[in-house]
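Now for the letters of each chain:
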Amino acid sequence: MSVKLRNPGWYRAGLYVVLAAVLAFGLSWAVRAAYGHDTYAHFLDAESIVIIGMIALPLAFLVGIGCFDYWFYWASGRPTRPEDHSGHGAHSWRDYFRPNTDHKVIGIQYTVTSFFFLFVGGLMAMLMRAELAQPGRQFVDASTFNGLFSVHASVLIFLFIIPVFAGLANFVLPLMIGAPDMGSFASGWTAYAPLSTTAPDGQVFFTIGVQFAGASSIATALNFLVTIITMRAPGMSFFRMPLLAWANFSTSLLVVIATPFIAASQFFVLLDWALGFNFFNAAKGGDVLMYQHVFWFYSHPAVYIMMLPGFGIISEVLAVKARKPIFGYRMMAFSLLAIVVLGFTVWAHHMFVSGMQAWIRIPMMVTTAIIAVPTGIKIFSWLATLWRGVLHLDTPMLFALGFLTMFTLGGISGVMLAMVPLDIHVSDTYFIVAHIHYVLFGGSLFTIFAGVYYWFPKMTGRMYDERLGRIHFWSTLIFFNATFAPMHLIGVQGMPRRVADYADQFAGWNLAISLASFALGLSTLVFAYNMIASWRGGARASANPWRALTLEWQVSSPPPVFNFDQVPTVVGGPYEYGVPGAVHGIFGPAKPAEVKATPAGTHAEPVRE
Amino acid sequence: MVAFGVIASVIGIAIGLAIDWFPVQGSTQGEKIDTFWDVLIICSVPFFVLVVTVVLFAVRDFRMRPGQENLDGPPIHGNTKLEVVWTAVPAMLLVGLCTYAYIVLDDIEKAPAKGPERVVKVTGEQFTWTFEYNEGGKKFKTAQLYVPNGESVKFDVGSKDVIHDFWVPAWRMKIDAVPGITTTYRITPKRLGNYPVVCAELCGLGHAFMRQTAHVLDKAAFDRWVQQQVQRTAGGGAAAGGAAGGGGQSASADAKALFTTGNSAGATACGGCHTLAEAGTTGAVGPNLDQVLKGKDEAFIRESIVDPKAEIAKGFPDAMPTNYGDALSGPELDALVKYLAEVSK
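Sequence order for the protein chains is A and B.
Taking numbering that gives the first Met the number 0 as reference, the numbering of the first sequence is continuous, increasing by one, and the terminal residue is 608.
Taking numbering that gives the first Met the number 0 as reference, the numbering of the second sequence is continuous, increasing by one, and the terminal residue is 344.
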């Protein structure tokens, strides 16, 4: 037992967490005693213990489970245990619950954990819709309701959309650009999100949780940048990179530049809340609007952080499933960078009715409208990619086409919202709720589903069930629209968002929306069942069931522990479908025979269910 | 395909314009915003139709047929002309829309060309609004908003605690009420009637119940109302703010009805937040009155209503509006205190 407690792992993590709790209590008690404050009547009353504990416990957990051992050994002059990558790969499901430096294991840890939070966030939405089905209060009181929508949004933004993209990219990206692993050693420590060990509830939980999520976002983004810049395979020039790599490159730039701002804003809030710093207390000379500026300076780019990786996924899926090169590849890459730059110039469009200086609204309106141009370029290029292709209408493709249409609707309502005179009326109404869900559900989530189905054979070595996949798509598309389309109307009619109760005139629509949302929730169960059952017992997947050219499909499914037995050399673009004999990468001059196995259009019948 | 797209666009625009999107149009500002919306619909629908049409036709014409499993499409990498068009056309359209939006914004925020403008000071607090008038040097406060029809009115909006948002959907305009600064907008009402005043920024537990009424009266009725307010204020003491607005409360107020539904002068219903067995209310935002009022005298109950911050029940937020002293008439307050003392014994 004592050996178990001394060596990194779950036991030591548990011990350290207990020690951290004792420290949190002791520190708070000692400082209060030193200042002559009352000691607490009951330890549960003690906000300061909760705050210190919120910071100390997750760190103690990470230290205990062994994330920092290498650094501690190195700092104390003891012989470090060199990272020999012997821990790579997962041999049983238990291996997914240990720290691991294999990008593929981390990718799956991220993705599966994120989907768990999708269900948590979705259940909260169901509870809200149950309350909103009728006017008046039925199931939850106002306080619970406010908590529900706050946590629903935080969970799905910080614990689902952002990390699930990171998860998919963690798995696919190194394979795609021909790297043996992600760049830095520390990549493992983000895998066990500390947030998963503490239920996010209440302002402090959110505030401190954002710090941890933000820190792990930045670490992941730096990791992507390092990997993309330094670890590309020979011959993989920037303009031979798949657009998913471009998308994650752009996203990582956004994360690295923008995330410190939300960290700052939440530190201010924490200091205000815990220690009375009055940053945002107008009565003591604080500035309320400052918080909003700093917050949105991050949170608007964050919208693109939640969208650009999806753009990358769609480019991969559409090119492969339409059997055509991406139309206008260079404009696709440049429009991503244009969105990154413009994304930093539009934040105050969230503040048109906030009472900020009036003149700022005009330039922010213009930049917000103009950001639709690079986004439009992408939509039109995808449409042109479809044209004259050979469309394989299976589940990933259906979700990609669903994304194209639904995201366009979200983009159009976004342009409407950019227009100040209209925004004044619909700001803080259900029109906003409709817009954000068309962008994040019809947009991001559809791309996530497309990506999960598309890479499922590569990640698990199994095929998903195509019939269930189609049922999932159609039920999602129908009930998604039935849920969120009417929200445009009741929003313009004047129903404010974030309310547990509403005027009787909106009762009919709200009942319809609630019923549709329950059906939408049920449709995700089809997805969950398909994933679990297919992972356990689906048909074996061949290495390249989609006849794709990108590198990740040129290795076995699932890939070998070090991805490439031979470092590939990239000799052409990633989407040369229809070009006779085109190859994206070759695996060393020693085995030219393998080259011939993958040219587009000559491969054997893909393995299907 | 082009014909299909054009027909679908026309139908889409027709439906978009036919839908009754907005609440009643109650201000001249609303006219311009509603017209702007129509223009947005006309510009937006063709784009959506374009995307959907191309997707549907591609699915119809280019889906994989049996025997095409190993076929690839033609290796088309791009078309510079096409890419220039779909960059330039949306950009020009968007610049055009922004210009139009700027003109509309300028229009709806412009001060009236002639004559002095009425200024009403609007103060938000958890969870109620107070309106301060200055009519010809006579100042008074009310818990209900009254404005004369057809005259421009400017609202100076502030907050005592957190951020609120002052919105009358029928007037289309809204602005945050921000502690520490004064924000403004102006409207010119153009339709008589009563319209809900809504708080549109999450402000805490009672946010969903932060609702009052804006009354638009004709000029003569508004002047009479001002006279009554001036007299009431000169007479001193707290009286009904809404006594002249129609539906004033009689002296023998029904205390139980008051408890469950509030009054038209801005006193929100007690039962919205409090549980009281006798009145059959089950609110849980504030303390259960059957418990906390047990054995308390009338003086305590009166203080708790007029000055709720004096003593806050343990475990509950400081969330009760402080305007009951203004919003309840003397007789109403007396009746309510007596009623509560009776039923909580």
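Hint data in this document are derived by calculation from the structure and do not stem from the laboratory.
Do not rely on the hints blindly, as some may be mistaken.
Said to hold, decoys possible - Label pairs and their computed distance ranges (CB to CB):
(1) I41(B) <-> A273(A): 46 to 56 Å
(2) K109(B) <-> F333(A): 55 to 65 Å
(3) I359(A) <-> R64(B): 35 to 45 Å
(4) A20(A) <-> E131(B): 44 to 54 Å
(5) I41(B) <-> A532(A): 27 to 37 Å
(6) A218(A) <-> E116(B): 32 to 42 Å
(7) W358(A) <-> A87(B): 41 to 51 Å
(8) G25(A) <-> E131(B): 45 to 55 Å
(9) A256(B) <-> D503(A): 15 to 25 Å
(10) G536(A) <-> G95(B): 30 to 40 Å
(11) E131(B) <-> N280(A): 22 to 32 Å
(12) I311(B) <-> K283(A): 14 to 24 Å
Unchecked claim - Partner residues aside, some chain A positions facing chain B, computed with beta carbon under 8 Å:
(13) D271
(14) A321
(15) F379
(16) L385
(17) G388
A virtual CB, placed ideally from N, CA and C, is assigned to each residue, including glycine.
We went through each hint and held it up to the structure:
no.	hint	result
1	I41(B) <-> A273(A): 46 to 56 Å	52 Å, holds
2	K109(B) <-> F333(A): 55 to 65 Å	41 Å, violated
3	I359(A) <-> R64(B): 35 to 45 Å	55 Å, violated
4	A20(A) <-> E131(B): 44 to 54 Å	52 Å, holds
5	I41(B) <-> A532(A): 27 to 37 Å	49 Å, violated
6	A218(A) <-> E116(B): 32 to 42 Å	56 Å, violated
7	W358(A) <-> A87(B): 41 to 51 Å	28 Å, violated
8	G25(A) <-> E131(B): 45 to 55 Å	53 Å, holds
9	A256(B) <-> D503(A): 15 to 25 Å	19 Å, holds
10	G536(A) <-> G95(B): 30 to 40 Å	57 Å, violated
11	E131(B) <-> N280(A): 22 to 32 Å	24 Å, holds
12	I311(B) <-> K283(A): 14 to 24 Å	22 Å, holds
13	D271	13 Å, violated
14	A321	6 Å, holds
15	F379	4 Å, holds
16	L385	4 Å, holds
17	G388	4 Å, holds
Going down the numbered hints, you'll see the structure goes against 2, 3, 5, 6, 7, 10, 13, while the others check out.
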